[in-house]
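Number of protein chains: 2
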Amino acid sequence: MLGFAGPVARLAEELGKLPGIGPKTAQRLAFYLLKADPAVVQNLARVLLETREAIRYCSRCCNFTDTDPCSLCRDPQRDHTILCVVEEPRDVAALEKAGSFRGLYHVLHGTISPLEGRGPEDLTVRALLARLEKGEVREVILATGADVEGDATALYLARLIKPLGLKVTRLAHGLPVGADLEYADGLTLSRALEGRQEV
Amino acid sequence: MLGFAGPVARLAEELGKLPGIGPKTAQRLAFYLLKADPAVVQNLARVLLETREAIRYCSRCCNFTDTDPCSLCRDPQRDHTILCVVEEPRDVAALEKAGSFRGLYHVLHGTISPLEGRGPEDLTVRALLARLEKGEVREVILATGADVEGDATALYLARLIKPLGLKVTRLAHGLPVGADLEYADGLTLSRALEGRQEV
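Keeping their order, the protein sequence lines are chains S and C.
Letter by letter, the first sequence follows residues 1 to 199 of this note's numbering.
Letter by letter, the second sequence follows residues 1001 to 1199 of this note's numbering.
If we strip away everything but chain S, and leave its shape as in the complex, we get (with noise of 0.2 Å):
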């Protein structure tokens, strides 16, 4: 017995469902949401169900798009010779953001990492050598995090990439060790590309 009604407690319950949202936090969403204009709420789970059923993979880079391909990969005024291997498509947004790199990305959607079983086969391995095979591309960024990782998912593609005859470079340790590109700030990561060293 809180004091507030079911509703609150079952959307406070599902609110704190979401990474980074504590009980507190939620049930101040739930209140928040719950005295909102119906409009609001309905506005919200409108756009929730809308952005997810449209969401898709660019065929080329893997990153989420609602266009195939996505608008980086179709953009002439980009350098297709080069292209940047990211974790996340929340790096290529950080990357983006940074503002320094005028290439192409490519999202692994993931690390490879024995512990949580995770293999080569569960990212976008294969799309990538796919591309690379094109032809177009000259040199490859390893931008994987500066974390274990990070390093051995970029030490893996390094040895599959190099026998293609292609540049491989890994960012500059002008990150922080240990950390996510996602938290690194744009002249940072500037650096980091400018900075960064052939494998």
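What the hints contain is simulated information worked out from the structure, not anything from laboratory work.
Any given hint could be a false lead.
[Claimed, not checked] Straight-line alpha carbon distances no greater than 30 Å define the calculated DSS-like cross-link-like pairs of lysine-lysine that follow:
id	chain 1	residue 1	chain 2	residue 2
1	C	1017	S	35
2	S	24	C	1017
3	C	1162	C	1134
4	C	1097	S	35
5	S	97	C	1017
6	S	17	C	1017
7	C	1097	S	24
8	S	134	S	167
9	C	1134	S	134
10	S	17	S	97
11	C	1024	S	134
12	S	97	C	1035
13	S	24	C	1162
14	S	17	C	1162
15	C	1167	C	1097
16	C	1134	S	17
Given the structure of chain S, go ahead and fit chain C onto it with the hints provided.
Below, chain C without anything else, positioned relative to chain S:
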């Protein structure tokens, strides 16, 4: 151009409208939701709509409820002669969590604030007076916040209620001055209840 597709930006924008959710958190949540199982998103949307649809105000205490009267007003174990007047439904939740109050509540849904153009007619003051005129209640605890608006609202209500011959009390200043009820810990709330003073 932030490197992610329209749906991500659209969902992040919608989530960013929620209180306490900044752009960074909104983006994290959007990425999470767009990668999540569609069933998870559908469930969240359904709970949002269903709870917003189900929520009502109790015709007695004006708190959130899905049944009328609410479970607190219907509870024969509670002391129906003592009424605790609070600003918001979340204050009921906070007091119930503290667990030392066994009477009933009345939710004002705001404070009197001439600066923001909110007068007594925007609150549930009329419903409160109608309740008191039934003669069951012997004491009214004015548990509005310990800030200027909460004090002004309590003073206004005390002037209305005292002529009815009821005992009118205010929560003791165990509450940190200027703080919301919501953020007080259970012990502080219990002390404030114990030390309440007649107005």
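Going down the list of hints, with the structure as the test:
As the CA atoms of residue 1017 of chain C and residue 35 of chain S are separated by approximately 14 Å, the hinted pair is consistent with the 30 Å bound. Restraint check for residue 24 of chain S and residue 1017 of chain C: satisfied, since their Cα atoms lie roughly 18 Å apart, inside the 30 Å limit. Annotation: proposed proximity of residue 1162 of chain C to residue 1134 of chain C holds, straight-line Cα distance about 15 Å (limit 30 Å). With a CA separation close to 21 Å, the supplied pair residue 1097 of chain C and residue 35 of chain S stays within the 30 Å bound.
With a CA separation close to 21 Å, the supplied pair residue 97 of chain S and residue 1017 of chain C stays within the 30 Å bound. Our distance criterion of 30 Å between C-alpha atoms is met by residue 17 of chain S and residue 1017 of chain C, whose separation comes to about 19 Å. Taken as a hint, the residue 1097 of chain C and residue 24 of chain S pair is honoured in the structure, with Cα atoms around 13 Å apart against an allowance of 30 Å. Between the alpha carbons of residue 134 of chain S and residue 167 of chain S the distance comes to roughly 15 Å, so the proposed pair stays at or under 30 Å and holds.
Among the hinted pairs, residue 1134 of chain C with residue 134 of chain S is inconsistent with the structure: their alpha-carbon atoms are about 84 Å apart, more than 30 Å. With a C-alpha separation of about 29 Å, the suggested pair residue 17 of chain S and residue 97 of chain S falls inside the 30 Å cut-off, and the hint holds. For the hint pairing residue 1024 of chain C with residue 134 of chain S, the CA-to-CA distance comes to about 37 Å; that exceeds 30 Å, so the pair is violated. Of the supplied pair hints, the one linking residue 97 of chain S and residue 1035 of chain C holds, its CA atoms being roughly 21 Å apart against a limit of 30 Å.
For the given pair, residue 24 of chain S sits about 36 Å from residue 1162 of chain C by alpha-carbon distance, which is inconsistent with the 30 Å threshold. Restraint check for residue 17 of chain S and residue 1162 of chain C: the C-alpha separation of about 47 Å exceeds 30 Å, so the hint is violated. Proximity of residue 1167 of chain C to residue 1097 of chain C is assessed by CA-CA distance (about 25 Å); at most 30 Å being required, the pair is judged to hold. For the given pair, residue 1134 of chain C sits about 44 Å from residue 17 of chain S by alpha-carbon distance, which is inconsistent with the 30 Å threshold.
In this structure, the hints that do not hold are numbers 9, 11, 13, 14 and 16, in rising order.
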